[in-house]
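Hey, can you work out the whole structure from these sequences and the hints?
Under the UniProt record's numbering, the residue at position 233 of the sequence shown is numbered 233, and the numbers go up by one with no gaps.
Hints are computed from structural coordinates only; laboratory data are not their basis.
Since the model is a prediction, treat every value here as computed from it, not as a measurement.
Treat the hints with care, since some could be wrong.
Here are the simulated DMTMM-like cross-link-like pairs (lysine to aspartate or glutamate), alpha carbons at most 25 angstroms apart as the crow flies [to be verified]:
id	residue 1	residue 2
1	Lys181	Glu148
2	Lys181	Glu71
3	Lys181	Glu67
4	Lys181	Asp136
With beta-carbon atoms standing in for the labels, derived distance ranges [what the hints assert, rightly or not]:
id	residue 1	residue 2	range
5	Pro173	Ile152	17 to 25 angstroms
6	Gly269	Ser14	35 to 43 angstroms
7	Glu123	Ile260	18 to 26 angstroms
8	Leu174	His86	18 to 26 angstroms
9	Leu9	Thr194	21 to 29 angstroms
10	Arg72	Glu164	22 to 30 angstroms
11	Leu219	Ile260	21 to 29 angstroms
12	Asp136	Pro179	21 to 29 angstroms
13	Asp136	Gly241	16 to 24 angstroms
14	Gly269	Leu219	29 to 37 angstroms
15	Arg142	Thr257	33 to 41 angstroms
16	Gly69	Thr194	22 to 30 angstroms
The beta carbon of each residue, even a glycine, is placed where N, CA and C say it ideally should be.
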Amino acid sequence: MADTREHVLPGTRSTITARDWPYERPRYVALVAHGYGEHVGRYAGLAAVLVAHGAAVLGPDHQGHGESGGERVLIGDFEDVVTDLHSVADLARATYPGVPLVLIGHSMGGLIASRFAQRHGDELAALVLSGPVIGDWELPGRLLALDEIPDIPINPAALSRDPEVGATYAADPLVWHGPMKRPTLEAFARTLTTVADAGDIGRLPLLWLHGGDDRLVPLPGSRAGVERLSGGELTEHVYPGARHEVFHETNRAEVFTDLIRFLDGVLSGGTRST
1 MADTREHVLP GTRSTITARD WPYERPRYVA LVAHGYGEHV GRYAGLAAVL
51 VAHGAAVLGP DHQGHGESGG ERVLIGDFED VVTDLHSVAD LARATYPGVP
101 LVLIGHSMGG LIASRFAQRH GDELAALVLS GPVIGDWELP GRLLALDEIP
151 DIPINPAALS RDPEVGATYA ADPLVWHGPM KRPTLEAFAR TLTTVADAGD
201 IGRLPLLWLH GGDDRLVPLP GSRAGVERLS GGELTEHVYP GARHEVFHET
251 NRAEVFTDLI RFLDGVLSGG TRST
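Encoded structure:
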């Protein structure tokens, strides 16, 4: 893997650590927003593919996640997380001026990326959502209805059909393995409503990737949100049998091929695959 750099930035509520996979003269910059309870270091494989495609890749550990500051997995307001992500986008533009910016968000990062696109879509060349928490995601409502949030961590087997992915996730000290926190669930619920009500992203090219057997973020609920978000430039790929983390799935080579084909279409200004 190419050398990486770390940057520590002032965030809205705590310091934010961002990782940078540099490229001297990139075709584009890919900004990565990771999912709940994890960290951007888990996207080294994706970064390697993008760097080989001529991209520089940057992404933060969101507040309360990975090496960034804050109480673990506590997010009071996702608008703050979007603002933090925008600070990393500013760093990317300062480091690589005049280069197109592509935003890639997975799971919770898909919610963050969707809201970023609503707030700052004019700064993006494309938006990529992988298993996004968007639309009719029922988990926050179910848990918030309980008097006490159960201490049931994410099942590593739900991430990928590749058992090594689950084993590595379970052993990762930077991954949160405890219960979800009520303020974070409340923030999820509010932001799902905000994104649904804030309108579409116009003609911004949107790629949606989803596992057909995703039980953490079920496909039908995401579809409702993605279709509301898209302004018409939607490319989608649903992978039968794949679980939540398509970038870590057994068919990841197929996923990366679809991603690169989409990005080539965006960067050339040509027609994207459907």
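Contradicted hints - numbers only: none
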